[in-house]
Structure formats: structure tokens, C-alpha cells
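A.B. asks: Please build the complete structure, drawing on both the sequences and the hints.
Protein chains: 2
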Amino acid sequence: MIEHINMTMLTDFYELTMANGYFETGMSNDIAYFDMFFRKIPDGGGFAIAAGLEQMINYLDNLKFYDRDIEYLRGKGMFSEGFLEYLRNFKFECDVWAIPEGTPIFPGEPLVTVRGPVIQAQFVETIMLLAINHQSLIATKANRIVRAAKGRGVMEFGTRRAHGGSGAVHGARAAYIGGCIGTACALAERDFDVPALGTMAHSWVQMFDNEYEAFKTYASIYPENCVLLVDTYNVIRSGIPNAIKVFKEMKPAKMGIRIDSGDVTYLTKKARAMLDKAGLKECSIVVSNSMDEYIIRDVIVQGACIDSFGVGERLITSKSEPVFGGVYKLAGLEKDGVIIPKMKISENVEKITNPGFKTVYRLFDKDSDKAIADVITLDHESIPDGSEYEIFDPQIVWKRKKISNFYAKNLRVPIFDKGVCVYKSPSIGEIRDYCKAQIDTLWEEILRFENPHEYYVDLSKELWELKHKLIEEYKE
Amino acid sequence: MIEHINMTMLTDFYELTMANGYFETGMSNDIAYFDMFFRKIPDGGGFAIAAGLEQMINYLDNLKFYDRDIEYLRGKGMFSEGFLEYLRNFKFECDVWAIPEGTPIFPGEPLVTVRGPVIQAQFVETIMLLAINHQSLIATKANRIVRAAKGRGVMEFGTRRAHGGSGAVHGARAAYIGGCIGTACALAERDFDVPALGTMAHSWVQMFDNEYEAFKTYASIYPENCVLLVDTYNVIRSGIPNAIKVFKEMKPAKMGIRIDSGDVTYLTKKARAMLDKAGLKECSIVVSNSMDEYIIRDVIVQGACIDSFGVGERLITSKSEPVFGGVYKLAGLEKDGVIIPKMKISENVEKITNPGFKTVYRLFDKDSDKAIADVITLDHESIPDGSEYEIFDPQIVWKRKKISNFYAKNLRVPIFDKGVCVYKSPSIGEIRDYCKAQIDTLWEEILRFENPHEYYVDLSKELWELKHKLIEEYKE
Chain A
1 MIEHINMTML TDFYELTMAN GYFETGMSND IAYFDMFFRK IPDGGGFAIA
51 AGLEQMINYL DNLKFYDRDI EYLRGKGMFS EGFLEYLRNF KFECDVWAIP
101 EGTPIFPGEP LVTVRGPVIQ AQFVETIMLL AINHQSLIAT KANRIVRAAK
151 GRGVMEFGTR RAHGGSGAVH GARAAYIGGC IGTACALAER DFDVPALGTM
201 AHSWVQMFDN EYEAFKTYAS IYPENCVLLV DTYNVIRSGI PNAIKVFKEM
251 KPAKMGIRID SGDVTYLTKK ARAMLDKAGL KECSIVVSNS MDEYIIRDVI
301 VQGACIDSFG VGERLITSKS EPVFGGVYKL AGLEKDGVII PKMKISENVE
351 KITNPGFKTV YRLFDKDSDK AIADVITLDH ESIPDGSEYE IFDPQIVWKR
401 KKISNFYAKN LRVPIFDKGV CVYKSPSIGE IRDYCKAQID TLWEEILRFE
451 NPHEYYVDLS KELWELKHKL IEEYKE
Chain B
1 MIEHINMTML TDFYELTMAN GYFETGMSND IAYFDMFFRK IPDGGGFAIA
51 AGLEQMINYL DNLKFYDRDI EYLRGKGMFS EGFLEYLRNF KFECDVWAIP
101 EGTPIFPGEP LVTVRGPVIQ AQFVETIMLL AINHQSLIAT KANRIVRAAK
151 GRGVMEFGTR RAHGGSGAVH GARAAYIGGC IGTACALAER DFDVPALGTM
201 AHSWVQMFDN EYEAFKTYAS IYPENCVLLV DTYNVIRSGI PNAIKVFKEM
251 KPAKMGIRID SGDVTYLTKK ARAMLDKAGL KECSIVVSNS MDEYIIRDVI
301 VQGACIDSFG VGERLITSKS EPVFGGVYKL AGLEKDGVII PKMKISENVE
351 KITNPGFKTV YRLFDKDSDK AIADVITLDH ESIPDGSEYE IFDPQIVWKR
401 KKISNFYAKN LRVPIFDKGV CVYKSPSIGE IRDYCKAQID TLWEEILRFE
451 NPHEYYVDLS KELWELKHKL IEEYKE
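Chain order of the listed sequences is A and B. Just so we're aligned: the first sequence equals residues 1 to 476 in the UniProt record's numbering. Just so we're aligned: the second sequence equals residues 1 to 476 in the UniProt record's numbering.
A few of these clues could be false.
Note that identical chains are pooled: a pair holds if it fits in a single copy or bridges any two copies.
[Claimed, not checked] Distance condition first, Cα-Cα at most 25 Å in a straight line; then the derived SDA-like pairs of lysine to any residue:
{"hint": "1", "residue 1": "Lys91", "residue 2": "Asp433"}
{"hint": "2", "residue 1": "Lys150", "residue 2": "Gly429"}
{"hint": "3", "residue 1": "Lys335", "residue 2": "Lys436"}
{"hint": "4", "residue 1": "Lys424", "residue 2": "His468"}
{"hint": "5", "residue 1": "Lys150", "residue 2": "Tyr212"}
{"hint": "6", "residue 1": "Lys248", "residue 2": "Leu470"}
{"hint": "7", "residue 1": "Lys436", "residue 2": "Tyr294"}
{"hint": "8", "residue 1": "Lys319", "residue 2": "Gly108"}
{"hint": "9", "residue 1": "Lys319", "residue 2": "Arg448"}
{"hint": "10", "residue 1": "Lys281", "residue 2": "Glu213"}
{"hint": "11", "residue 1": "Lys269", "residue 2": "Glu85"}
{"hint": "12", "residue 1": "Lys245", "residue 2": "Gly82"}
{"hint": "13", "residue 1": "Lys344", "residue 2": "Asp276"}
{"hint": "14", "residue 1": "Lys319", "residue 2": "Ile41"}
{"hint": "15", "residue 1": "Lys475", "residue 2": "Asp209"}
{"hint": "16", "residue 1": "Lys366", "residue 2": "Pro252"}
{"hint": "17", "residue 1": "Lys248", "residue 2": "Glu213"}
{"hint": "18", "residue 1": "Lys401", "residue 2": "Gly429"}
{"hint": "19", "residue 1": "Lys76", "residue 2": "Leu447"}
{"hint": "20", "residue 1": "Lys370", "residue 2": "Asn6"}
{"hint": "21", "residue 1": "Lys342", "residue 2": "Asp209"}
{"hint": "22", "residue 1": "Lys76", "residue 2": "Ser288"}
No lab work stands behind these hints, which were simulated from the structure alone.
C.D. replies: Laid out in C-alpha cells, this is it:
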């Protein structure tokens with residue numbers, strides 16, 4: 001039920017001080033455009049994966065200030081009664097566009113744009129960033145791990161090390177979008193249809209007088225799918241021999257062993273040989289000890305005999321880089337129907353934002369269907385298929401590139417129209433399939449874990465010229 | 001409202017398969033003892049801080065399987081109807097002991113012990129670990145950052161980069177326990193009394209025709225406490241001069257500036273000089289750009305003029321080490337009122353657990369009130385004050401130590417008695433004060449960020465002898 005709680009007050013306090021400020025100065029209904037984008041791909045990877053949009057939509061669709069919220073805010077002694085009344089009658093009225101979940105995304109692209117009364121478009125910053133940052137982080141990490149596993153299944157096993165309940169459940173959802181085959185978390189299946197699995201802990205084995213009895217009892221209760229944890233005492237001398245004995249006696253329909261400690265390359269090779277020798281070639285081997293994409297890559301190279309992986313803390317916290325740094329910046333104002341582009345100027349060129357109401361096109365090669373480049377354009381622009389088209393590096397003046405033999409796809413879809421949700425999230429399975437298909441359109445060089453090729457995210461001529469005109473104006 | 005949701009199904013699926021297994025084999029009511037403990041202090045620190053107990057209690061107090069849960073489980077096709085009926089009538093019946101929140105804790109100590117029917121004591125593993133791991137992680141990290149700030153205030157600013165809503169809100173709660181002075185998260189104040197603060201984003205400044213107008217408008221609305229964000233355009237050439245002008249014109253009761261980018265040592269020295277020269281010595285300087293304990297320590301050493309820090313992603317995700325590795329292990333069974341100690345044997349000596357029903361005493365020096373050592377004992381043992389007392393290293397046979405001139409304090413308190421909560425959490429302010437006072441009992445050498453002195457966590461003679469007897473038995 002995590003997704004249906006009212007999270008309206010899950011916001012940075014400054015959203016409220018600013019909202020009250022806009023209300024008091026009569027600026028509430030000034031129309032503003034805000035973009036959400038990120039600057040850096042976690043783990044030095046070549047792309048990230050968009051996720052969290054469904055939760056963002058739920059938040060926005062349920063924005064409501066209850067009496068308890070109003071009382072709390074009144075108690076702060078800094079908000080006008082008029083503003084509190086406005087909040088009591090709050091009705092979301094913004095337009096929202098976003099890149100759907102499962103899409104490979106790149107730095108600088110407007111993942112989400114909100115257009116509407118500044119009092120509202122500013123207010124939704126925190127929850128929007130929270131939802132998209134968290135799930136994009138985990139989906140991106142999960143996909144790295146899944147790709148390292150080269151077709152072997154990866155289960156998300158991290159609930160106990162997650163950062164709170166939504167860290168666990170939304171994390172499991174994002175991990176599934178990124179390509180995991182399931183999760184250990186029951187709530188993620190009940191509420192988000194992520195397949196949940198799990199068999200036994202070491203304590204189950206310890207509860208019985210001996211390992212054989214523990215295994216035999218389990219096999220008698222779960223004859224359909226019997227995965228035995230073989231490392232409570234000693235994998236080679238005790239766990240595997242007892243498992244083999246029980247499998248032969250009980251003949252479960254599906255059988256597997258899980259190893260949760262020790263040197264998995266050595267142990268799985270040994271285990272595979274023992275199982276095969278016993279005629280149990282169909283018995284699968286699951287490994288679940290401090291895995292991530294690097295360790296998985298290494299043990300596969302070393303010839304470890306593993307059918308699937310359980311990945312815990314290093315996935316659910318994205319341990320090697322636990323932050324997805326999405327930001328939310330003002331891109332424009334609208335006065336009398338005319339958009340006045342805004343941008344943040346910085347000494348650091350990478351922190352200069354792109355001005356105006358924008359969208360993103362992905363250009364695909366007509367022959368190979370591979371993605372060639374993304375182009376950020378002003379929203380009113382279109383890109384005719386096939387014709388020669390020139391794209392411009394956001395920072396470096398002399399870097400431009402002509403593309404031909406392509407077709408273009410606008411990556412963004414409308415999500416809210418004047419506060420009304422006009423988008424229906426696909427099923428989680430559809431999102432996961434879409435994600436896989438989209439990653440298949442990326443060149444292999446972009447998929448490297450280290451030093452990937454940097455994918456082109458360029459600007460259209462019109463946006464490039466607007467940006468450089470504004471920079472020149474600012475310098476004067 | 002995050003804390004009142006029913007989280008019963010926020011559990012690893014294997015807790016359910018094992019529960020059904022115990023039910024089917026008639027072992028449900030076998031009495032088991034489980035300990036939660038951790039093995040490694042995050043960031044190589046000298047101690048961690050216990051947190052999350054209040055949320056753990058809420059979870060346990062609200063354990064209930066609803067129709068929706070039962071239907072979901074029935075749909076899995078692997079659970080007996082008898083078991084589902086048991087869940088429908090589930091009533092928590094365990095005894096629970098724990099170390100209160102805010103206490104400095106060390107590896108190997110039983111932070112929580114659960115005694116009760118194995119079907120229940122096993123089931124609560126996941127949510128218990130989730131609650132304690134998450135908040136202990138953040139409280140520990142926050143305390144490092146707070147200590148680095150040497151008396152300057154530290155605000156938690158990380159909501160937008162947290163791992164989900166409970167990552168943000170429970171994280172803000174834990175950060176406050178660890179010594180932060182407040183949070184940016186409004187929901188954390190509404191629900192957990194963590195003081196929330198916040199003023200403006202860059203977009204506020206950009207919404208106006210110029211910076212001066214943006215500042216002046218803000219000061220007119222918030223004359224009591226006016227903190228201006230001075231780095232939207234240029235801190236030295238524009239932000240500070242405009243802030244000074246507005247402060248002089250508007251004379252807010254409290255005034256401050258915030259710098260969110262750039263070289264904070266250089267900028268804050270320059271800003272301080274400009275403010276002082278303008279006669280605004282009382283204007284405070286807040287800095288909020290990618291801070292953590294190391295950067296804070298460095299900029300203070302370099303003489304940066306900072307009155308308080310806002311710390312975002314590196315605190316709320318504990319970026320440098322985002323995992324607190326608490327585990328939950330079987331420590332004993334009870335048959336006919338007699339406890340049969342259990343332990344997990346491992347080739348890796350650090351993974352060998354301590355057997356039996358245990359507690360933890362902290363021994364304080366009678367003269368200085370400083371903590372000398374912790375001793376894990378069997379629960380029935382007592383430690384008479386002052387008398388000479390010998391403690392034993394858990395692994396190394398020849399390492400033992402005699403303590404005298406001390407008084408002993410049992411760190412644990414009863415939390416549940418046969419399923420009934422018998423503990424009332426202190427207020428968050430009390431927990432925070434308690435935490436600070438307890439850290440003051442630690443020797444300075446333990447407080448170092450790198451290479452701290454390793455605090456003694458030894459065993460009583462009785463527990464040591466029991467442990468080694470079991471190891472000998474196992475080896476035979």
C-alpha cells in the first residue's frame with residue numbers, strides 16, 4: 001500500500017516558503033517551465049535507465065493538504081491564512097511531459113518537464129526528484145548487474161539492507177525494470193507484480209537435529225520447487241552430499257542448491273561436478289554472496305558454474321554509487337502566451353542549463369535500427385525523417401555533426417494535461433520488455449562498464465542559437 | 001503517516017516459506033532465540049549508533065495479515081490452508097529485548113533479541129533488520145558529520161536524493177538522533193518532530209527581474225528569519241552586495257546567506273569580510289555544496305567562515321558506505337524450559353556467532369565515568385560493581401583483561417513481553433540528548449574518523465567457556 005499514501009508533505013520545506021512567497025506577492029499564477037535532468041551517469045556507465053514515473057504520477061495525482069498538514073503549517077507561524085486556505089483547496093493544474101520508464105537516458109536530457117502556475121510547478125520539485133532519482137538509480141544499477149550475468153537470472157535480494165520500506169519495495173520494482181527476474185520482497189509482488197521467490201535461511205537448517213533432516217523436511221513440503229541452502233556447515237563435505245541424498249530420495253520436480261558464502265568459483269565448480277556425477281544435471285546452482293557486476297563478471301570468466309545470482313545490498317543501495325543526481329531547474333516563463341526562456345549561468349560550463357520549453361528526439365539508423373544520437377530541441381520543432389540533419393554539441397562551438405539515413409522518435413509523452421492525468425503506465429512486464437528492446441538499440445561500445453563510448457546528446461540548431469544568444473546577453 | 005502503514009508483507013519471501021514449513025511440521029511453537037547484531041562499523045569508524053527501534057516496534061505492534069495478503073499468498077499455490085488460517089489469526093507473542101536508540105554500539109553485540117515461537121521469531125527478521133540497519137546507518141553517518149562540524153549546526157538536506165519516501169523521512173529522523181539540528185523535510189517534522197527549515201531555491205531568484213528584487217521580496221515576506229541564496233549569478237560580484245543592500249534596507253530580525261556552489265573556503269572568507277565591513281557581523285553563513293565529514297573537516301582547517309552546514313546526498317544515502325550490515329541469527333532453542341544454545345560455525349572466525357540467550361553490559365570507570373569495555377554475557381549473569389572482573393576476547397584465547405574500579409550497566413531493556421509492548425520510546429529530543437551524552441563517555445581515541453582505537457567488546461567467562469565448548473564439540 002506504500003504507493004497510495006498521501007505524500008503531499010514529503011517535500012523540502014523551502015518549496016512551502018517559496019509557495020507562500022509567490023502567493024503573497026501575487027505571482028502564484030505566473031506560468032513557469034521546469035525541467036528535471038541529470039548530469040552524470042552512475043558508476044561511469046554509458047547510459048542510465050528512466051524509472052519511477054509511475055510513482056511520480058501517483059504522487060501528483062494524490063496531491064492534497066489535509067487538516068493535519070494545515071495545522072502543522074499554521075504552527076510554524078510563518079504562513080498567511082490566505083495561503084493556508086489556498087493549500088486547503090489545492091488542485092493540481094500543471095501540464096507534465098516525461099520520458100517513459102525503461103528508456104535509456106543520458107545526461108542533460110529533460111526527463112520531465114512541468115509547465116504551470118509557478119506556485120505549483122515549483123512545489124512538486126522534491127517528490128518528483130525523489131521518485132525519479134531513486135528508481136532510475138536502481139534500474140540503472142540492476143541493468144549493469146543483469147548484463148554482467150550474461151543471460152543467467154539475477155534476483156533482487158536486498159530488502160533487509162534497503163533504506164526504509166519504500167527503498168526496498170520501489171527498489172525491487174526498479175530492479176525488475178532493469179532486468180532482474182524477481183525479488184525476495186513479498187510486498188513488491190503483492191503491490192507491483194514483481195515475481196517474489198525465496199526458500200530458506202541458515203536458521204531453518206539449524207532448527208533441525210541435522211542438515212539431512214532439515215533438507216528432507218523442506219523437500220517433503222515443497223516438492224514442486226526445492227532449493228536447498230548448502231553452506232550452513234560445510235558445502236563440500238556436508239551440504240552437497242546431503243542435498244544429493246535428499247534429491248534422490250524425494251525427487252522434487254525442480255531442484256537447486258544455494259551457496260551464500262565462501263569462494264563461489266571454487267565451490268560451484270566442485271558442486272557442479274558432484275551433482276553431475278550423481279546424475280543431477282538438472283539441479284541448478286544459485287549464488288548469493290556479496291555480488292555485483294564486477295564480481296559476477298569475474299567469476300563467470302573464471303568458469304564458475306552458476307545458473308542464477310541473488311544480489312543483495314550492492315544492488316538495493318547501488319553501493320558503489322548510491323546517488324542519482326537529478327536536478328529540477330527553471331527553463332522558462334510564459335507571459336501573454338509567449339515563452340521567455342530562462343537558464344542558469346555558471347562558471348562551470350557543465351552546469352549551464354538549456355533554456356526554453358524543450359523535448360528530446362532519438363535518431364535511429366534506418367538500416368540497423370541502432371540509436372545514432374539524441375537531439376534536444378525546442379518543443380515546437382520537428383525532425384523530418386531521413387533528410388540530412390545537423391546537430392550541435394551543447395558546449396563546444398566547433399563540434400557539430402550531420403546525420404542522414406535516419407528516422408527520429410520523440411522520446412517524451414504527455415503525462416498531465418492541466419492537472420488531469422492523460423497517461424496510463426504500462427504493466428511492469430511491458431516496461432521491462434521495452435527497456436530490454438531499447439537497450440538493444442544501443443551500440444555495444446555504449447554498454448561497456450568502464451570507459452564506454454560517450455553517446456551524442458546534442459542540440460538542434462534553433463536551441464543552440466537560443467542558448468548562445470542568452471549567454472552573450474548575460475556576458476554583456 | 002509512513003509509520004502507521006501496515007508493513008506486515010514487507011518481508012523476504014523465505015520467511016513465509018519457512019513459516020509454512022514450521023507450521024506443516026508441527027514445529028511452529030518450538031521456542032527459539034534470535035539475535036540481531038552487526039559485524040563492521042561503517043566508514044572504518046570507532047562506533048555506530050543504534051537507531052530505528054521505534055519503527056521496529058511500530059512494525060511488530062501492527063503485524064496483521066489482511067484478506068489481500070492471504071489472497072496473494074493463496075495465489076502462490078504453495079501454502080496450506082491451515083497455514084493461511086494461522087496467518088489470518090496471527091497474534092504476535094514473542095519477547096523482545098533491545099539496546100535503546102541513541103546508544104553507541106559495537107560489532108558483535110546483540111542489539112535485539114527475539115524469543116518466541118520459531119514461526120514468529122523467524123518471520124520478523126526482515127522488517128527488524130530493515131528498520132535497524134537503515135536508521136543506524138544514517139545516525140552513525142550523521143554523527144560523524146556533526147562531529148566534523150565542531151559545534152556548527154548541521155542540517156539534513158537530502159530528501160530529493162533519498163531512496164524512497166521512508167529513506168527520506170526515517171533518514172531525517174535518524175540524522176537528528178545522530179546530532180543534526182534539523183532537516184529540509186517537512187514530513188519529518190510533521191510526523192517525527194524533527195525541526196524543518198528552508199528558504200529558497202535558485203529558481204526563486206530567477207523568477208524575478210533581478211536578484212535584488214528577489215531578495216527584497218523575500219525579506220518583506222519573512223522579516224523574522226531571512227536567509228538569502230547568493231550564488232544564482234555571482235556570489236562576490238552580485239549575491240553578497242545585493243544581500244547586504246537588502247539586509248540594510250529591510251533589517252530582518254535574523255539574517256543569513258547560503259552558498260550552494262563554488263569554492264566554499266574562498267567564498268565564505270570573502271563573504272564574511274564583506275558582511276563584517278558592512279556592519280553585518282550577526283549575518284550567518286550557511287554552506288550546502290556536496291558536504292561530508294571529510295570536506296567539512298578540511299574547510300574548517302582552511303579557515304572557511306561557516307556558521308552552519310546543509311548536508312544532502314552524502315548524508316541521506318551514507319554515500320561513502322551505504323550499507324549497515326546487521327544480521328539476524330539463531331542463538332538458541334528452548335526445550336522444557338531449558339535453553340539449548342546454538343551457534344553458526346564458520347571457517348572465517350569472525351563469522352562464528354555467540355551462542356545462547358545473552359545481554360550486554362557496559363563497564364564505566366568509577367572516577368572518570370568513561371566507558372572502559374563492553375561485555376557480552378549470558379542473560380542470567382550479573383556483574384557486581386567495582387569488584388575485579390575478567391573479560392575474554394571472543395576469538396583469541398590468550399587475550400583477556402582484568403577490570404576494576406568500575407560500575408556496570410546492562411545496555412538492553414525489555415521491549416515486548418509475550419507480544420505486548422512494554423517499552424515507551426522517549427521523545428526524539430530525549431533520544432538525541434541521550435546519544436550525545438553517551439558519546440561523551442567514549443574515549444577520544446574511539447572518536448577518530450580514521451584508524452580509531454578498537455573498543456573492547458569481550459565475553460564473560462561463562463559465555464566464553466560455553467562458546468569454546470560448542471566449538472570443540474563441533475570439531476569432533
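A.B. asks: For a quick check of understanding: which of the numbered hints are violated here, in increasing order?
C.D. replies: 1, 3, 4, 5, 6, 11, 12, 13, 16, 18, 19 and 20
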